[in-house]
Amino acid sequence: MTELHRRVEALRAPLQVAARDQFAGLANVRDLGATLRAAVDRLVPVAPEERRGPLLTWRRRLDGFERLDRAEQSVEVARGLRLCQVLAGPAPARRGAAANAGRAPSRRAAATARAGEDDGAGRRTGARAAAGAIAAAPVAPAAVGPLDRPVTDLPGIGPKLAAALAERSIETVEDLVWLVPRRYDDVRRAIPLEEAVARVGERVTTAGDVAAARFLRRGPRRWVEVRLADGRARLVVRWFHAHAGMVKRFPRGARVAVSGVVRARAGAIEMANPDVLGAGPGILPRYGALPGVPPATLRKACWAAVERARDHIVDGVPADVAARAGLAPLADALLSLHAPPEDLPVDAVDALNAGTSPWHRRLAFDDLFFLGLAVARRRRRQRSFEAVPCPIPPARDAALSRALPFALTAAQRRAIDAIGADLARSVPMNRLLQGDVGSGKTAVAFAAAHQVIAAGRQVALMAPTELLAEQHAAALAPWCDALGIRLALLTASTPRGVRASTLGLLEAGRVDLAVGTHALIADGVRFAGLGLAIVDEQHRFGVAQRLRLRGKGDASAPHLLVMTATPIPRTLALTAYGDLDVTTIDELPPGRTPPQTRVLSGKAGRRAALAELRRCIAAGGRAYVVCPLVEPSDAADRAAATAVAAELAGALAPARVGLVHGRMAQPERDAAMAAFRAGDIDVLVATTVIEVGVDVPEATLMVVEDADAFGLAQLHQLRGRVGRGGGASQCLLVTRGGHTSDGAQRLAVMAQTTDGFRIAEADLRMRGPGELFGARQAGLPKLRFGDLQRHAELLALARDEAERLIARDPDLARHPVTRAVLDARTAGAPIYGAESG
1 MTELHRRVEA
11 LRAPLQVAAR
21 DQFAGLANVR
31 DLGATLRAAV
41 DRLVPVAPEE
51 RRGPLLTWRR
61 RLDGFERLDR
71 AEQSVEVARG
81 LRLCQVLAGP
91 APARRGAAAN
101 AGRAPSRRAA
111 ATARAGEDDG
121 AGRRTGARAA
131 AGAIAAAPVA
141 PAAVGPLDRP
151 VTDLPGIGPK
161 LAAALAERSI
171 ETVEDLVWLV
181 PRRYDDVRRA
191 IPLEEAVARV
201 GERVTTAGDV
211 AAARFLRRGP
221 RRWVEVRLAD
231 GRARLVVRWF
241 HAHAGMVKRF
251 PRGARVAVSG
261 VVRARAGAIE
271 MANPDVLGAG
281 PGILPRYGAL
291 PGVPPATLRK
301 ACWAAVERAR
311 DHIVDGVPAD
321 VAARAGLAPL
331 ADALLSLHAP
341 PEDLPVDAVD
351 ALNAGTSPWH
361 RRLAFDDLFF
371 LGLAVARRRR
381 RQRSFEAVPC
391 PIPPARDAAL
401 SRALPFALTA
411 AQRRAIDAIG
421 ADLARSVPMN
431 RLLQGDVGSG
441 KTAVAFAAAH
451 QVIAAGRQVA
461 LMAPTELLAE
471 QHAAALAPWC
481 DALGIRLALL
491 TASTPRGVRA
501 STLGLLEAGR
511 VDLAVGTHAL
521 IADGVRFAGL
531 GLAIVDEQHR
541 FGVAQRLRLR
551 GKGDASAPHL
561 LVMTATPIPR
571 TLALTAYGDL
581 DVTTIDELPP
591 GRTPPQTRVL
601 SGKAGRRAAL
611 AELRRCIAAG
621 GRAYVVCPLV
631 EPSDAADRAA
641 ATAVAAELAG
651 ALAPARVGLV
661 HGRMAQPERD
671 AAMAAFRAGD
681 IDVLVATTVI
691 EVGVDVPEAT
701 LMVVEDADAF
711 GLAQLHQLRG
721 RVGRGGGASQ
731 CLLVTRGGHT
741 SDGAQRLAVM
751 AQTTDGFRIA
761 EADLRMRGPG
771 ELFGARQAGL
781 PKLRFGDLQR
791 HAELLALARD
801 EAERLIARDP
811 DLARHPVTRA
821 VLDARTAGAP
831 IYGAESG
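The letter at position 801 of the sequence shown is residue 801 when you use my numbering, and the numbering goes up by one with no holes.
Hints listed in this document are in silico derivations from the structure and should not be mistaken for laboratory results.
Glycine included, every Cβ here is placed at the ideal spot set by N, Cα and C.
Fair warning: there could be bad hints in the mix.
What the hints assert, rightly or not - Listed below are the simulated DSSO-like cross-link pairs for lysine-lysine, each with C-alpha atoms no more than 30 Å apart in a straight line: (1) 300 x 248; (2) 300 x 160; (3) 160 x 248.
As the list claims (entries may be wrong) - Pair by pair, the computed Cβ-Cβ distance ranges are: (4) 426 x 9: 39 to 47 Å; (5) 240 x 346: 28 to 36 Å; (6) 291 x 680: 53 to 61 Å; (7) 251 x 326: 46 to 54 Å; (8) 67 x 680: 33 to 41 Å; (9) 619 x 69: 39 to 47 Å; (10) 593 x 426: 40 to 48 Å; (11) 168 x 310: 20 to 28 Å.
Go ahead and model the full structure; you've got the sequences and the hints to work with.
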């Protein structure tokens with residue numbers, strides 16, 4: 001082993017540990033950032049010169065590693081593993097799917113030769129079956145292939161440009177292949193100069209004859225100036241930071257086409273740094289701006305990359321699937337997007353610019369198909385395990401009537417029946433219970449717990465915060481007492497002696513229902529027979545945490561019920577949560593009226609909010625005031641809880657004003673909440689620590705300061721903290737005015753509807769799926785070209801094809817290229833077997 005390989009392996013080892021179990025291993029490597037920085041520093045001196053640029057770029061990223069959140073850290077770990085593979089080939093082969101656990105999430109993902117069809121007898125047909133079989137090997141060949149070559153192999157890309165590209169994670173030929181253009185200029189539709197010079201401020205494509213060309217220099221500034229004319233109009237074109245040799249490209253009388261923005265300057269009409277179309281392609285692709293990379297250079301590099309890669313592009317979509325979906329071959333689609341045919345009709349160019357061309361459709365289908373495969377494969381895997389059946393108790397309804405101090409709604413009864421039927425089966429339930437704030441999910445979960453406990457099994461309910469866990473325990477206690485259910489609370493704050501006693505009772509089977517936080521998944525927690533795991537506010541937990549709770553079961557897999565008051569849009573229910581059966585509580589209990597919501601702006605709005613606070617206190621009510629910051633900050637002109645609390649203490653005197661935020665010690669927070677709940681505090685100033693689970697029926701007013709700083713889901717949850725006592729309530733969204741268009745849209749949605757499902761759809765439309773509802777933690781391929789809303793019809797088709805393929809070939813053993821691409825796109829995420837119950 002060479003010194004280079006030794007140092008690469010020293011870097012790769014901690015990265016692989018961190019990448020395990022969907023990057024759950026990030027928590028298992030002590031001082032990971034410092035370890036990686038030291039390993040890179042040792043590696044750089046022995047790395048090939050052409051590889052040092054990307055290494056040094058990544059090294060700079062690692063300087064702030066400790067400040068990144070988990071998702072951002074996982075991206076850096078994946079990038080590091082990618083660099084290790086490029087430097088020294090893949091890691092030594094290991095048996096099983098874990099060998100792929102550390103592969104980077106998107107580069108190999110895009111893998112581009114048509115996957116041979118399966119002929120039904122396990123044989124692969126098609127012109128490139130042999131190439132596909134090689135591509136499907138679980139470990140890539142040690143030699144670096146054409147797609148893995150550094151961008152410096154391409155004409156015009158030296159170390160300086162390579163470093164600029166690396167800043168955008170573009171380091172290889174393959175990266176450029178997948179950098180598709182954002183729009184296209186149709187040279188064939190060039191307008192006359194006379195028309196172009198009249199369209200100041202617009203981007204146009206025009207052509208003229210070179211009347212003069214010269215190189216100019218003034219101090220450090222230098223540029224090339226070309227004057228175009230056509231007998232009716234003149235246009236001055238300038239390229240700054242140009243070299244003198246560029247003048248030779250514009251001989252007098254030559255016909256030149258340019259595309260850029262027309263400007264009026266010092267009495268002349270000009271274009272600055274336009275694209276030169278010349279006698280080149282009739283349709284010019286335009287890429288997103290990359291700092292430090294000239295557009296023409298980027299265009300040439302992308303074209304050269306596609307030319308090199310076209311015979312090495314591995315198509316993971318089986319031929320029969322592509323034929324049924326009417327898809328263009330992947331290599332053809334990529335080639336056509338980078339270099340559209342010159343005879344393309346005008347409407348086809350318009351489709352290119354709208355992103356609706358058949359080639360765009362092909363890339364979108366790929367995204368959605370592999371997403372569908374990941375979901376279908378995981379769903380099938382989950383259903384291959386066995387659970388202990390928990391039949392519906394004969395007197396269930398009578399028991400629930402005896403325990404619950406209210407009548408169940410029809411929607412709650414439907415949810416209880418659906419969940420009860422699942423629990424009675426020997427296949428582990430994997431169900432999502434969603435319902436708007438106050439719809440009664442806890443009662444439904446209690447009914448499920450009762451059914452499982454009646455069958456002699458235990459139940460664990462995990463909440464994201466101690467406050468919510470304590471509230472669950474307090475709410476469930478009288479219901480449990482009525483049915484003789486033994487309840488225990490276990491959190492990080494549980495006293496040592498009580499904790500030890502509780503753990504012993506759990507392991508002995510003398511606790512039926514354990515309510516807690518992350519403490520429930522600690523190593524020392526053992527159940528005698530866990531039959532049901534309930535996860536509340538599931539979007540607060542990662543997949544690995546849910547798996548650890550399920551892993552507390554014995555030889556059988558416990559049933560799983562995840563609950564959320566953040567409704568899941570239908571498109572996400574089909575994708576990121578496609579492995580879950582969804583039950584919706586679509587009815588509020590009688591007497592619950594949604595809060596009236598108003599948007600108040602500027603100083604007048606704050607005065608109005610203060611007046612409402614005074615009216616609320618005078619009427620004997622209680623109010624929340626929520627701020628985006630804890631302390632005032634020079635970096636953000638936003639309301640801070642500490643300052644607002646001090647201000648309101650004076651403005652509302654003698655009313656009692658309390659304060660709660662995330663930087664307070666847990667006992668302080670608990671004391672403030674207890675005082676507010678008991679009526680010893682009239683106005684509670686808080687941050688979003690009260691977003692989830694806080695239940696104070698007497699609270700009738702919610703004031704959100706700088707409301708445009710919050711997301712829709714947060715605003716909806718905050719609004720759900722009031723109006724829980726059955727009376728009239730209000731939510732006032734206060735802004736300073738001048739908020740962004742996105743902020744204005746969010747506030748308009750909040751004012752228009754209290755329907756959580758409409759709000760969730762709006763949130764998805766505004767933000768996209770990537771960061772919503774834990775989708776990044778769901779172990780699913782990243783969408784690069786597919787859009788869950790714009791491609792809704794294509795999503796359904798891709799999902800159907802994926803489910804058909806998995807039903808026919810569950811392990812994709814007869815479609816090895818498809819499996820290899822899926823493994824790469826999921827970065828080794830546990831599609832194959834980690835969701836093991």
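Structure-based check of all given hints:
1. 300 x 248: Status holds; Cα separation ~20 Å.
2. 300 x 160: Cα-Cα ~16 Å, so holds.
3. 160 x 248: Cα-Cα ~25 Å, so holds.
4. 426 x 9: 39 to 47 Å: Hint holds: Cβ distance 45 Å, inside 39 to 47 Å.
5. 240 x 346: 28 to 36 Å: Taking Cβ atoms as reference, residue 240 and residue 346 lie about 33 Å apart, which means the hint holds.
6. 291 x 680: 53 to 61 Å: 56 Å, holds
7. 251 x 326: 46 to 54 Å: 48 Å, holds
8. 67 x 680: 33 to 41 Å: 38 Å, holds
9. 619 x 69: 39 to 47 Å: Because 42 Å falls inside the window, the suggested range holds.
10. 593 x 426: 40 to 48 Å: This hint holds: roughly 44 Å between Cβ atoms.
11. 168 x 310: 20 to 28 Å: About 23 Å separates the Cβ atoms of residue 168 and residue 310, which means 20 to 28 Å holds.
Hint compliance for this structure: no hint is broken.
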